[in-house]
Amino acid sequence: MSGTRALRGDRHGGDRPVVESNLPAAAAASAEGDGSAQDQGVDLATGVDETGGVDETGGVDETGGVDETGGVDETGGVDETGGVDETADVGLAAERTAGWPSRAAPPGRASRQPAEPAVPTRATAPGRGVGSPFEVARLALVRLRRHAVEAVRWASDRWRRSLQLRVATTTLLVSTLVVVVVGVLLVNTITARLLDAKQAAAYAETKNGLRIAERQLSVVVSSDDRDSLRATLKTVTEDLASRGTDAGLFSIAVVSEGKERQTYYSGDVQPVSIPDDLRHVVDQGHLADMYAPILFKDGRAGTGLIVGAPVTAPLGSFRLFYLFPLQAEERTIALVRQTVALTGILLVLLLGGIAALVTRQVVRPVRAAAQIAEQFAAGRLEQRMRVHGKDELALLASAFNDMADSLQRQIRKLEDMSRLQRRFTSDVSHELRTPLTTVRMAADVLYYSSRADFPPEVARSAELLQDELDRFESLLADLLEISRYDARVAVLEAEAVDLRRLVRGVVEATAAIAGRQHTVVLVDTPDEPVVADVDPRRVERILRNLVVNAIEHGAGHPVEVRLLGSTEAIAVTVRDHGVGLRPGEAGMVFDRFWRADPSRDRRTGGTGLGLAISLEDARLHGGWLHAWGRPGQGAQFRLTLPVHSGAPLVSSPLPIEPESATRPPVDVGFPPVGSDGAT
Amino acid sequence: MEVMKGRVLVVDDDPALAEMLGIVLRGEGFEPSFVADGGRALTVFREFRPDVVLLDLMLPGMSGIDVCKALRAESGVPIIMLTAKSDTVDVVLGLESGADDYVVKPFKPKELVARVRARLRRTDEPPAESLTIGDISIDVPGHSVSRNGTAIALTPLEFDLLVALARKPRQVFTREVLLEQVWGYRHAADTRLVNVHVQRLRSKVERDPEHPEIVLTVRGVGYKAGPP
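Those protein sequences? They're chains A and B, same order as listed.
Following this note's numbering, the numbering of the first sequence begins with 217 at its first residue and continues without gaps.
Following this note's numbering, the numbering of the second sequence begins with 0 at its first residue and continues without gaps.
Derived from the structure by calculation, the hints contain no laboratory data.
Don't take every hint at face value.
Straight-line alpha carbon distances no greater than 20 Å define the calculated SDA-like cross-link-like pairs of lysine to any residue that follow [stated by the list, open to error]:
id	chain 1	residue 1	chain 2	residue 2
1	B	K109	A	A668
2	B	K107	A	A728
3	B	K109	A	Q637
4	B	K109	A	L652
5	B	K109	A	R835
6	B	K167	B	S129
7	B	K107	A	E647
8	B	K107	A	P651
9	B	K109	A	Y664
10	B	K107	A	L692
11	B	K109	A	V390
These numbers come from a predicted model, not from an experiment.
Looking at chain A on its own, in the form it has when it is part of the complex (with noise of 0.2 Å):
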């Protein structure tokens, strides 16, 4: 005996004397006084009934296992004629049934011991290694481990992306929680009781032996006739052997005191096995038990519980030892742990499944709904989902198909607006036109022809009528630009081009505007090609704009425009020096018909729709068109493209707010690298 383990005793029949012992099998395990050890061996025995008795096919008998009479009752029966319990190992069917006679005890034990109440026969199975049930648990727990890592990888995955797998995976872990803590403590509170009743029935065993070894011994009355003595030991530690008790099977070892110490075993075992902290406490006179390893005869070791009492003779004090193996309650043990942990792991697999079952119920229509939910986005306005039952995923099924219902009806509405607005655009853009031409060029020819033979007021009217039908042509041909971007069928027609070219054209086409308003339009390009994918039509359209509107509000100061490409984008920037845009204006210089000064006379007729439109051309490039403006400072505008048509836009080669911009706008010397001047 090594380790911690605390010993108290105390007089034999007096108040309970309590060994505890650190052995594996129990942490801790009480030896009861004689007085309350039945009481308490009644109730434990009841609780270990309850709990199921073990038989020793190592399957769980639900009924109790054997009765006292040493019949076998009509549950083991079926048990032993091979009736396996799922747990148990199949393997060991035949060491089983070869192990059940030395249960089916000697009939008579029950009539021999009436008072004893009915305690639940511990019965071992010989020669059965307790290692293969472990191994087999523990390889299938490995391969549990392996299947675990390869979900756990599988679900880092889709752990975000699945209710199903999250819901199952949880209750897993809370199962897997649940379970190890209900098994262990099944496992710890089987493990207890059953080492109760062990113990209570071993105290009455040797109760029962103890009185009958002092009624033999008491005939003994010559200490002389040493043979006498000798046989009868011998006697009594054979006859006390051979009883069969409740406590199941033991040896007995009586030891003498005295001169010659001898012992007198019976059975298989070593009588070394009983350890000298427990002699010594019968040597006291207590009736004392511990838990000890008992060596056989065969070398072999195991838990046993040995109890001790002092056996008190005319002859002498012989200590009476009863040896209980406890390989049968062991393997038990092992049993109730291989069984919780096989049933626990059946346990929470198939509450993960049940989980993964009952979510993929709820979560299967869901995901057919964002599906469904999906292809309606993208376009397919005919999807809708199907209905089962009147359940609440059905009401959510039923709720999507009429919301898709709606949506689709109000698209098709939309739709049908959208392709009247456009037959509209075309229609007016032809039934208006053929007119105005006609219109266009009767006024031409009053205008140009006849003008010098006209009345000086009708000669002026020629004029006006010449000059509002550019204007209105201009509007109209504007309102349908925008009507196209507002329709959605503008197209891009991109190709590459040298934007140098493209702002030079635009500089000299409205040369004639900058020079009625005095103004100077300063070109800055590189010397190599800015070539770009861009709609020329359009971008000369933002550029003319631009430039037009610099003129216009540039109040005769110099107009600077700047070319500058990257690899990645070009940009090019038109700057004035006239009264610039208040804070705020910057933002709203885009809107349709926002003029920066309402009071201002439209010297050159602007539509109030070329900003709106540049911005639209811009965007359909996938470009964009930024304002600076500081009140006294001026206006820029920026107007920057990819290179490559479609391609996102990060930076702009030119800031939008120009160097110069804290400097009054007449100090402004502009780069004199790749300029050129155009008027």
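Given chain A's structure and the hints, the job is docking chain B onto it.
Coordinates of chain B only, in the frame set by chain A:
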């Protein structure tokens, strides 16, 4: 009144516009003739033998596109489209069906007259010269193009385009320059006109229009003639 410069066939269903066109054209010295129905355009064309056709794209009876194709099938006569739609699809469709040029309504009379004059200008006698691009030989005064002795039929505009490129074999022509030289435009960036006609020209003179050898594209700039 100046002397008659040419016969112009106006195919338009709008009587007011047709009349106005007549006034303007006569005022500029042209001899106009009118037809309102697309179905009759071809008959009138054969009787009238115009020098230029002004064709409205939206016509009753036969669409302007179909009329254009029918005219082009039997004549290289310069065709100028009058269109109310400036959308690329409509313009390109008209050009691809054979029109040489187009004017978008509402147009100014001067603009139209300039377009008509530009189409008639090429009647000036060119100097006697012979040009080659690749295996194509061009007889400029004879207005004929041939490959290995096989004549290739080109419209006058396509011929002008090819000659413009062939006269300066190493020069790259921007679309703007071509617009000015061939169509008579100034300050215009309507590259659709050039692109469509280059495609049409290629479909006639190239062995494989997908891999042109006669009219080469210079990315970002324009076109140039292939090596002689």
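Q: Please name the hints from earlier in the document that this structure breaks, with their numbers sorted from lowest to highest.
A: Per hint list: 3, 5 and 11 violated.
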